[in-house]
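**Student:** Using the sequences and the accompanying hints, generate a full structural model.
These protein sequence lines map, in sequence, to chains V and H.
Taken in order, the first sequence gives residues 2 to 164; the numbers are from the numbering used here.
Taken in order, the second sequence gives residues 2 to 164; the numbers are from the numbering used here.
Pairs count within a copy or across copies, as identical chains cannot be separated in the list.
List of simulated lysine to aspartate or glutamate pairs, EDC-like, C-alpha gap at most 20 Å: (1) Lys100 / Glu63; (2) Lys100 / Glu29; (3) Lys100 / Glu51; (4) Lys100 / Glu143; (5) Lys100 / Asp72.
Don't read these hints as lab results, they were simulated from the structure.
2 protein chains.
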Amino acid sequence: MNPTPEPAAHAGPFEMRAVAVVHSSRTEATDDGWDDETATITLLEPFTTEALRGLDSFSHIEVVYLFHHVDPERAVPQSRRPRGNTYWPQVGVFAQRAKNRPNRIGISTCQLITIDDVTLRVHGLDAIDGTPVLDIKPYLVEFAPHSPVTQPLWSHELMAEYF
Amino acid sequence: MNPTPEPAAHAGPFEMRAVAVVHSSRTEATDDGWDDETATITLLEPFTTEALRGLDSFSHIEVVYLFHHVDPERAVPQSRRPRGNTYWPQVGVFAQRAKNRPNRIGISTCQLITIDDVTLRVHGLDAIDGTPVLDIKPYLVEFAPHSPVTQPLWSHELMAEYF
Chain V
2 MNPTPEPAAH
12 AGPFEMRAVA
22 VVHSSRTEAT
32 DDGWDDETAT
42 ITLLEPFTTE
52 ALRGLDSFSH
62 IEVVYLFHHV
72 DPERAVPQSR
82 RPRGNTYWPQ
92 VGVFAQRAKN
102 RPNRIGISTC
112 QLITIDDVTL
122 RVHGLDAIDG
132 TPVLDIKPYL
142 VEFAPHSPVT
152 QPLWSHELMA
162 EYF
Chain H
2 MNPTPEPAAH
12 AGPFEMRAVA
22 VVHSSRTEAT
32 DDGWDDETAT
42 ITLLEPFTTE
52 ALRGLDSFSH
62 IEVVYLFHHV
72 DPERAVPQSR
82 RPRGNTYWPQ
92 VGVFAQRAKN
102 RPNRIGISTC
112 QLITIDDVTL
122 RVHGLDAIDG
132 TPVLDIKPYL
142 VEFAPHSPVT
152 QPLWSHELMA
162 EYF
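**Tutor:** Listed below in structure tokens is the structure:
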């Protein structure tokens with residue numbers, strides 16, 4: 002139990018709509034080898050090339066998307082072993098990046114290869130074909146961590162074959 | 002006009018709810034000096050300490066939040082000059098990180114200082130007091146850009162005093 006419940010003045014619900022859609026050579030959610038895939042992001046109406054103006058000056062973008070194949074009605078456990086791997090510790094849902102999570106939001110920083118009209122070709126996007134995109138942001142080095150990064154061993158092991 | 006409208010099979014609307022709330026010494030949205038602020042993130046019910054289990058092994062987290070003071074009904078221009086600064090170019094809404102954007106999603110990577118029960122103390126979170134948090138993810142170095150980053154001069158100028 003949460004001993005100090007917060008007042009939920011701005012708890013939602015908040016309504017979101019896709020601004021773009023992913024087309025990918027991967028159609029099923031599998032864990033590893035994302036760099037082997039090719040992917041594009043195409044804006045949905047009413048967005049036009051004007052919304053991408055100047056984006057070609059950036060080498061990388063952050064893509065915010067929805068894990069749309071995850072059933073939002075299915076209860077999300079507050080902790081689990083990543084990928085069910087018994088060699089890794091039980092960790093909280095906010096201490097891992099698994100797709101079965103509250104609000105089903107995925108974030109990926111990927112390389113922007115080309116922009117053709119309203120379609121971005123990208124490298125390293127870990128989203129399957131048909132994924133709704135909620136936002137696209139330019140990657141700025143100033144938003145990278147400002148201090149040394151540490152993370153547990155299991156997370157390095159999990160990521161070993163991811164890209 | 003968008004010459005190749007996409008079928009909007011998974012366009013939404015998608016409903017999201019806050020999983021946590023920000024408490025910050027900054028109560029109004031201003032542009033610069035975020036590192037001078039102190040901020041905490043407190044989980045909302047039904048989330049408990051179990052959802053944070055193991056997060057203390059990570060030095061940094063990615064916080065996904067809502068720019069809740071932005072009116073979602075207000076039309077977002079597809080391009081504008083960042084901060085209205087006439088020395089900077091007109092750029093698309095997806096080529097900048099301004100808060101007045103579709104779906105009002107903000108993302109910030111910040112340093113995790115301590116965890117006390119269901120409250121995280123963080124450094125470098127650019128969100129004002131009362132901000133709804135939609136997700137918390139551990140920062141993994143494997144998700145950083147895999148190739149050299151380039152970005153336009155105006156974006157470095159804009160970020161000069163941000164943190």
